[in-house]
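S.K.: Which chain is which? The protein sequence lines are A and B, in order.
Under full-length UniProt numbering, think of the first position of the first sequence as 1, with each following residue one higher.
Under full-length UniProt numbering, think of the first position of the second sequence as 1, with each following residue one higher.
Calculated from the structure, these hints are not laboratory results.
Every residue gets a Cβ at the ideal spot worked out from N, C-alpha and C, and that includes glycine.
One or more hints might be untrue.
No more than 30 Å apart at the CA atoms, straight line, and that leaves these computed lysine-lysine pairs for DSS-like [stated by the list, open to error]:
#, chain 1, residue 1, chain 2, residue 2
1, B, Lys46, A, Lys283
2, A, Lys194, B, Lys46
3, B, Lys46, A, Lys51
Which residues of chain A face chain B? A few of them, derived with a C-beta cut under 8 Å, are [what the hints assert, rightly or not]:
#, residue
4, Val65
5, Gln151
6, Ile157
7, Leu162
8, Ser179
9, Leu182
10, Leu188
11, Lys194
12, Phe249
13, Pro253
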Amino acid sequence: MAAAGLGPARPLLARRPGALRALLGLARGLAAGPQTHFGFQNVSEEERREKIYQVFENVAEKYDVMNDSMTLGIHRVWKDILVHKMNPSPGTLLVDVAGGTGDIAFRFINYVRSVRERQLQQKLKRHQNLSWQEISKSYEKEKVKPLGDSQVVVCDINKEMLKVGKQRAQHLGYSEGLSWVLGNAEELPFDDDKFDVYTIAFGIRNVTRIDLALQEAYRVLKPGGRFLCLEFSHVSNPLLSRLYDLYSFQVIPVLGEIIAGDWKSYQYLVESIRRFPPQEELKEMIEDAGFFKVDYQNLSSGIVAIHSGFKL
Amino acid sequence: MLRAGRGAVAALRRAAGSRGAGGQGGGQGPGLEPSLLRFLVCPLSKRPLRYDEAANELVNEELGIAYPVIDGIPNMIPEAARRTQKQAEAVKETSGPAGPQQ
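Bound-form chain B, shown alone (with noise of 0.2 Å):
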């Protein structure tokens, strides 16, 4: 509940056209420290992460999931990973009724 308000705020600040300082982007709350990138990457492949900024997530495209980053903590706890889009469709051409399509 608390999420919902803190985007409501948000989003009528966007709408006030003030922008606060370190980009309030559309993800929940203050954004990554930019120092953090040089050391994380994903816990479970321990490859490299991109910083999805208007998602407000660290994302990991060969796993296809993304980690969550809330009020600047990014929360690099496996479980707590989103599975992206991509990975979705991937699992859905290899288990469709069309067989295997590569």
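This is chain A alone, in the form it adopts within the complex (with noise of 0.2 Å):
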């Protein structure tokens, strides 16, 4: 992107948006816009979107891998509660939302060919005097339908992280169910009222205008459907936080340098996990895009919280 090389004249050339514009080509009415941070500084909200851009095209290759090495794994367990949580049945239809990688969207699809196998096994189980040619037709029913019309949708901002997602996906043999989007969680490219979950994990955080990435979540959900957001929070016990702290502000960036080659990145990560709001100011911005039953579920002491909302 040409941005990148403006650098300090954007402030003088966001005061004549028509010029900006037309040399940029990037406008959308929100040429400086709104003073809005990024990690611990403060950018303009356009700023911002290309500084996350970077951050995450940079990471994209290694995200798993630092994943595992910053949180020791456990981010794998934060992942399976979500899914766990989500309890999807066969049939359901998911969308991911900054899913990148695609680590929700394989453990749905495992979690749903798993609950269809043992819908069938049940089956075949009370209905005992079945002829073998019966049985073999039940067999061939689940490989027609291993998911059982279950399907995910994932979206991704950022080519390079659904370029990685895919990969996995190939290389992890995940095909059938899951398809793959290049898409703005402020501005979803899906019709109203058509998912019954959507998911966000890990991703919140690195919008820019959470209010209408919910906004969003809210309309492309089915009524009765379950937005579910995984992120990380805010930690109250004292010993615990500065503990973490520490951890967050020595060790991370560190670890970013020596794995990613990339300091500056997960400093961005750690501060970004800084300023967003805690739990219950989440709670009531999920609210006020209009889910009820909303509440939330901390995970380790508060490291992360599982937000749940219903639309009705």
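Quick one: dock chain against chain with the hints and give me the complex.
M.R.: Written as structure tokens, this is what we have:
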């Protein structure tokens, strides 16, 4: 993007929206826009979007390795818990936003697959006096619809993350019921009332207008649909909080440099976690978007929280 | 540059008369997964899109823009959308020397 090179000139150009638009061709009416934050820096909304895009462009290849190193593998447990909480039944339509490398999508597929297998086994057990023909027919059915019409659409704003996700899917053998879309959480390219579940795992923190993302989440969910958000949150215990801070600011950026060769991106990550609203505040924002029965579940003493809400 | 390479390969395949599964159109790489069509709309207007298989694009006729499908992944970011011919013509008409045509 040509924007990166303009740096200090941008605030000046921003005061002449026509010139900026003509130069960058990026305008959507937010030339300089209101101020927001990037980690601990203060930047314009447009700048924030670009900087975050670059962060994930840089880390995409090493994203999964970094997640394992930073959280000592615990992020896998958090994601498992999210999908278990979702408890999807075969036939569920899931949209996983900011789902980049596919962690939630793959877990969803595994889950419905095993639920479906169990369903078919139960059915067989009940019909003990079936002929061999009938039994083999029901095995055929399982092969044809192993997911029972369940589908997950992974939507992410970052091309590199989606690329990595698609490669992982191929590598791990996921193809059925899985699709990928390049899209913006603030402006989803999906029709109203389409999905049973909307998830956003470790992504909402990187959205510039969280209120818009929540509104879009509400819009694309079916009535009765569920919103689930897994995100870093605030630790209330003071001792743990100190240890967590120490680990975050002293260890994580160093890991970032060693493993991904990118100190700054991981510095941003740590700062963005501190800037993100705590549990109660996020709960209110979700309620403002129209969701009902909103509550949250702390994991690992509040290092991470799962927020849930329903569209009625 | 990579895109040019892929285009050349596609052209060669077509010449050889063999068609890859999923129909390699004139666009870039594999086409769109059909199951997505029931969810996708234009992110700006939230209105339905038409899938142009040949060009491998999702077209919004009303706004006159088209979203590309690259490597089977539709790019639904408004900034990435291409203005289609129709919109370019409409713009010419309204700003032409003869004044507004309607």
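S.K.: Which earlier hints turn out false for this structure, listed by number in ascending order?
M.R.: 4, 12 and 13
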